[in-house]
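K.L.:
This note's numbering applies: residue 1 is where the sequence shown begins, and numbers increase by one.
Since the hints were derived computationally from the structure, they do not count as laboratory data. Every residue, glycine too, gets a C-beta built ideally from N, C-alpha and C. Hints are supplied without guarantee of correctness; some may be wrong.
Here are the simulated distance ranges between beta carbons [stated by the list, open to error]: (1) M93 x D15: 46 to 56 Å; (2) V184 x E65: 34 to 44 Å; (3) E72 x M14: 30 to 40 Å; (4) L49 x R143: 15 to 25 Å; (5) E90 x R40: 52 to 62 Å.
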Amino acid sequence: KWESLFKRRELVHMDAVKEFYAKLIMSHTRKKDVAKSKVRGVEIVFDHLQLASILGIPSNNGICEYTKEVWEESKYTKPLEITRRFANDESIMEARRVKSVEMKPFQRFIDILVMKNMVPCFGKRDTTNYMDLIYMDHLIARRLVNLPRVMMRHMSYVISVKDHELPYGDWLTRIFEAFGVPLVDKKGEEPKKYDFFEETVLTMYKLIRENGVWWVGTGENRRRDDDDEVPEEEAEEEEKDQTEFDWEAMIDEAIE
Numbered sequence: 001k002w003e004s005l006f007k008r009r010e011l012v013h014m015d016a017v018k019e020f021y022a023k024l025i026m027s028h029t030r031k032k033d034v035a036k037s038k039v040r041g042v043e044i045v046f047d048h049l050q051l052a053s054i055l056g057i058p059s060n061n062g063i064c065e066y067t068k069e070v071w072e073e074s075k076y077t078k079p080l081e082i083t084r085r086f087a088n089d090e091s092i093m094e095a096r097r098v099k100s101v102e103m104k105p106f107q108r109f110i111d112i113l114v115m116k117n118m119v120p121c122f123g124k125r126d127t128t129n130y131m132d133l134i135y136m137d138h139l140i141a142r143r144l145v146n147l148p149r150v151m152m153r154h155m156s157y158v159i160s161v162k163d164h165e166l167p168y169g170d171w172l173t174r175i176f177e178a179f180g181v182p183l184v185d186k187k188g189e190e191p192k193k194y195d196f197f198e199e200t201v202l203t204m205y206k207l208i209r210e211n212g213v214w215w216v217g218t219g220e221n222r223r224r225d226d227d228d229e230v231p232e233e234e235a236e237e238e239e240k241d242q243t244e245f246d247w248e249a250m251i252d253e254a255i256e
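Let the sequences and hints guide you as you build the complete structure.
P.N.:
Dropping the structure here:
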């Protein structure tokens, strides 16, 4: 259950976030991930189980692999099969990244969920890598994902490359508070609305759920998800205002 992460946002203390990542040292074994840093003179050390406790989410036996470019087979996913599934094209002969325009509306919804929360990729992007596809496939199939370990491996990736946006800013505030890092002396910032999964982002990607059916696009270019059943009243409500939807309910449905 990840509702506490998606529905509760903290102020972002960007100076503390920058110091955390600048001093961050990560270590990983098959059974454990550990993060060590120091912020404003306070030592911060936690493993994935402690992170789960701080954020109020479970750490389970689910997937936590982190591979962006190596297309390897796993117990549940085969590169070519997963490419065909999300590109919705059985004629594809080679595993590759999938373009967002190839996805069905609900698949795109899950894609946004992954890139805005699980392994944040700030801004807007048009393709998904193999790792994203694996996480998307697990979520849609309702298989377990160990989010705390995924987060910690993403942190490792961030400090290993240049010029990457610093993720999990508002969630780090909870970590700072848990370790007693002084934050009251400097004012925090509201999370940027386009960098998280919420109504504004869904509107930006022209995604909407009406009467139990997923749609993408607007006007004549609007198309529905063929996997959804279209209720009888849909024909009568084709022009329904697309702003009338409950994005929190959609998140609940996607992550239950």
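K.L.:
May I ask which of the numbered hints given earlier this structure violates, with the numbers listed in increasing order?
P.N.:
When the structure is compared with the hints, none of them turns out to be violated.
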